[in-house]
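Participant: Working from the sequences, and respecting the hints, build out all of it.
Chains as they are written, first to last, in our numbering: chain D, 1 to 179; chain X, 180 to 338.
Since the hints were derived computationally from the structure, they do not count as laboratory data. There may be inaccurate statements among the hints.
[What the hints assert, rightly or not] DSS-like, lysine-lysine: derived pairs with alpha carbons at most 30 Å apart:
(1) K308/X to K149/D
(2) K316/X to K149/D
(3) K288/X to K216/X
(4) K216/X to K149/D
(5) K288/X to K316/X
(6) K308/X to K216/X
Chain by chain, the residues run as shown.
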Amino acid sequence: MLLFAFAVPIFADTSDTVVVTATPAFISISVTPATYDIGGSGATLLPNTTYYANPGNETTAPSATVQASECAFTIDNTSTVDIDITVNFPHFTGGDAMQNSGGGYTVNGVSDFGVSGYVTGDTWTDDAFTFANSGSGVFIDALSAASIKFGWALLTQSDDWDSGTAMTSTVSIAAALDV
Amino acid sequence: MKKIIILLLAVGLLLSGCGQTSTTVEPLEPPPELYDKIWISPGKVEVGNFFPGARAEYPITIHNGNDEPTEFSIAFQVPGSTAEGYEPAPSAVEGWMIIEDPSPVLEAKETREVLIAVVMPEDAEAPAKWEFWIAVKDITQTGMVQTELACRWLVEMSD
Numbered sequence: 001m002l003l004f005a006f007a008v009p010i011f012a013d014t015s016d017t018v019v020v021t022a023t024p025a026f027i028s029i030s031v032t033p034a035t036y037d038i039g040g041s042g043a044t045l046l047p048n049t050t051y052y053a054n055p056g057n058e059t060t061a062p063s064a065t066v067q068a069s070e071c072a073f074t075i076d077n078t079s080t081v082d083i084d085i086t087v088n089f090p091h092f093t094g095g096d097a098m099q100n101s102g103g104g105y106t107v108n109g110v111s112d113f114g115v116s117g118y119v120t121g122d123t124w125t126d127d128a129f130t131f132a133n134s135g136s137g138v139f140i141d142a143l144s145a146a147s148i149k150f151g152w153a154l155l156t157q158s159d160d161w162d163s164g165t166a167m168t169s170t171v172s173i174a175a176a177l178d179v
Numbered sequence: 180m181k182k183i184i185i186l187l188l189a190v191g192l193l194l195s196g197c198g199q200t201s202t203t204v205e206p207l208e209p210p211p212e213l214y215d216k217i218w219i220s221p222g223k224v225e226v227g228n229f230f231p232g233a234r235a236e237y238p239i240t241i242h243n244g245n246d247e248p249t250e251f252s253i254a255f256q257v258p259g260s261t262a263e264g265y266e267p268a269p270s271a272v273e274g275w276m277i278i279e280d281p282s283p284v285l286e287a288k289e290t291r292e293v294l295i296a297v298v299m300p301e302d303a304e305a306p307a308k309w310e311f312w313i314a315v316k317d318i319t320q321t322g323m324v325q326t327e328l329a330c331r332w333l334v335e336m337s338d
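Facilitator: In structure tokens form, the structure reads like this:
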């Protein structure tokens, strides 16, 4: 009787069975450079001004068709599968602590900045992609096992600085399996 | 006889505890060129026939390609975009998560599994299909631009 009681779960109705299936891909990326100064090394930023992650030309917009040389960053996808890249650009801390407007590089305000990304080959400005404080959508879809360069355009807050001291934001580049 | 009964009792308890989860995985070895990289696996975990009161679990594997011990963070994340047909997980799901070790320190070149489980309360509700991410980040990164790697969990509720 005891044996029967414990045998029952083994043959239980499978409608109560949770099915877990894993796709064993390996997800791996690197981004260079990791350190970056908006506006260029040692630059003092102006309010209500657009700065581009465009090496050596930080106040110059990329070409109508974005060139690799106009992109400050390189993502290497070393995964075994295609991946989606999402980029979150959080609010700054320290100094004037600019907040991300979430509206992209054309939308700033009092204490608010806006930022959008672009990749090599994009049509500027049509393909500008908004980087949000959190919960951004997919910036690069189905990136294969290769490198791609990207940059951003950042419009600083509309009002004058109060503190005049440095502020920082840590930009998150996330990789996930393309589905 | 008494020992046999106790043994069968233990086996019965073990099997009854496992009876609510069926796990499928296709084994795969990481390519050698990833030895010096940080990687995670799997890329996606699909949970089917989930229901209030149920538990689903699967380990995430993390490899530390760095040459020194490295601390990682493992965290629940609501994705900004989801697979077609799925909704972002309700924020309450964060409270349903069990992460065996949310801040593991891996030795250089170490590969380690960390168990992830989601346990839905009996009285909870969720969309028919929902998605969350388990994000893994090397927290020794110091630059303005930092990377993280995410495993997608796609959950489909039973009818």
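Participant: For each hint given before, does the structure comply? Return the numbers of the non-compliant ones in rising order.
Facilitator: Hints 1, 6 are the ones this structure does not satisfy, whereas the remaining hints hold.
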